[in-house]
Amino acid sequence: DTEVTQTPKHLVMGMTNKKSLKCEQHMGHRAMYWYKQKAKKPPELMFVYSYEKLSINESVPSRFSPECPNSSLLNLHLHALQPEDSALYLCASSQGQQLSDTQYFGPGTRLTVL
Amino acid sequence: AQKVTQAQTEISVVEKEDVTLDCVYETRDTTYYLFWYKQPPSGELVFLIRRNSFDEQNEISGRYSWNFQKSTSSFNFTITASQVVDSAVYFCALSCFGNEKLTFGTGTRLTIIP
Numbered sequence: 002d003t004e005v006t007q008t009p010k011h012l013v014m015g016m017t018n019k020k021s022l023k024c025e026q027h028m029g030h031r032a033m034y035w036y037k038q039k040a041k042k043p044p045e046l047m048f049v050y051s052y053e054k055l056s057i058n059e060s061v062p063s064r065f066s067p068e069c070p071n072s073s074l075l076n077l078h079l080h081a082l083q084p085e086d087s088a089l090y091l092c093a094s095s096q097g098q099q100l101s102d103t104q105y106f107g108p109g110t111r112l113t114v115l
Numbered sequence: 009a010q011k012v013t014q015a016q017t018e019i020s021v022v023e024k025e026d027v028t029l030d031c032v033y034e035t036r037d038t039t040y041y042l043f044w045y046k047q048p049p050s051g052e053l054v055f056l057i058r059r060n061s062f063d064e065q066n067e068i069s070g071r072y073s074w075n076f077q078k079s080t081s082s083f084n085f086t087i088t089a090s091q092v093v094d095s096a097v098y099f100c101a102l103s104c105f106g107n108e109k110l111t112f113g114t115g116t117r118l119t120i121i122p
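Chains as they are written, first to last, in the numbering used here: chain S, 2 to 115; chain A, 9 to 122.
No wet-lab data here; the hints were simulated from the structure.
We put the beta carbon where it would ideally sit given N, CA and C, even for glycine.
Treat each hint with caution, since some may be false.
Claimed, not checked - Keeping only pairs whose Cα atoms sit at most 20 Å apart, straight-line, the calculated EDC-like set for lysine to aspartate or glutamate is:
1. 41(S) - 18(A)
2. 41(S) - 26(A)
3. 46(A) - 4(S)
4. 109(A) - 85(S)
5. 41(S) - 52(A)
Claimed, not checked - Here chain A is said to cover these stretches of chain S; the calculated rule only asks that three of the stretch's residues, wherever they fall, bring their Cβ under 8 Å from a Cβ of chain A:
6. 44-58
7. 101-109
What the hints assert, rightly or not - Pulled from the structure, derived: some chain A residues nowhere near chain S, Cβ distances all over 12 Å:
8. 76
9. 82
10. 122
Generate the whole structure from the sequences, applying the supplied hints.
Have a look at this one:
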C-alpha cells in the first residue's frame, strides 16, 4: 500500500486566517516532505523531515510552519498568507533509509488565499 | 548542479498512437536515480518508475517502456497504443546519491485525442 493522504482537499482562507494542512502515511516511511506547486510548474520543495527532525528548509517564509508530531503525521501551519501563496500543496513520503528513495505523493491540498 | 530538461512542453496524439516523452539530465555524480511521475488533472503525482545510474537495462511495463542511455544522458518514456486515460502531465526527475532533493523537469503535458 503506497498511500499518502492529505486533508483538506480544498482550502480557501483570508490573509488573516490561521489554518493547517495535514498529511498522513502508514507505510512506515521515515522521511516526509512538503512541496508547493504553482499552475503549469513542477513541484518546488519546501521542507524535509527525516526521522521526525527537520532536515531541509528551502528558505520558506515563516508564515509557513511545518510540524512532525510523529513518524506518520506531517502538518503545515499557515498564518498571514499572501494571495501569491495560492497553489497546490503536496505532501510526500519515502522510506528514508537511503537518501534517494522513491517519494510517494499524496493527492494535494488546493489552497486559495483571498 | 543537477538539471533535468523536458523540451516537449505539450504533445497531442490521437488515441492508439505511440508517443515518446523525452528527458535529458545533467549531473556530475556517478551515482544517481531517475524517476518518472504522472500527474493527472486530479493533481496527485503518481510514481511510475525509478532507475539507478548503474542499471541501463530498458524496462517495459504493459504499454509503458523506458529507454535509459547514459551516453546521451537521456531517460525517455514511450507509451504504446495510447489511451485517453494517459492524458496527464508527465515529470522526469533526478536525485543524486546523498541528496534528498528531487530535481524535476518542467513537465510534458500529454493530451490523447479520442
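Here is how each hint holds up against the structure:
no. : hint           : verdict
1   : 41(S) - 18(A)  : holds, 11 Å
2   : 41(S) - 26(A)  : violated, 24 Å
3   : 46(A) - 4(S)   : holds, 15 Å
4   : 109(A) - 85(S) : violated, 24 Å
5   : 41(S) - 52(A)  : holds, 14 Å
6   : 44-58          : holds (count 6)
7   : 101-109        : holds (count 8)
8   : 76             : holds, 16 Å
9   : 82             : holds, 18 Å
10  : 122            : holds, 24 Å
Checked against the numbered hints given earlier, this structure breaks hints 2, 4; the rest are met.
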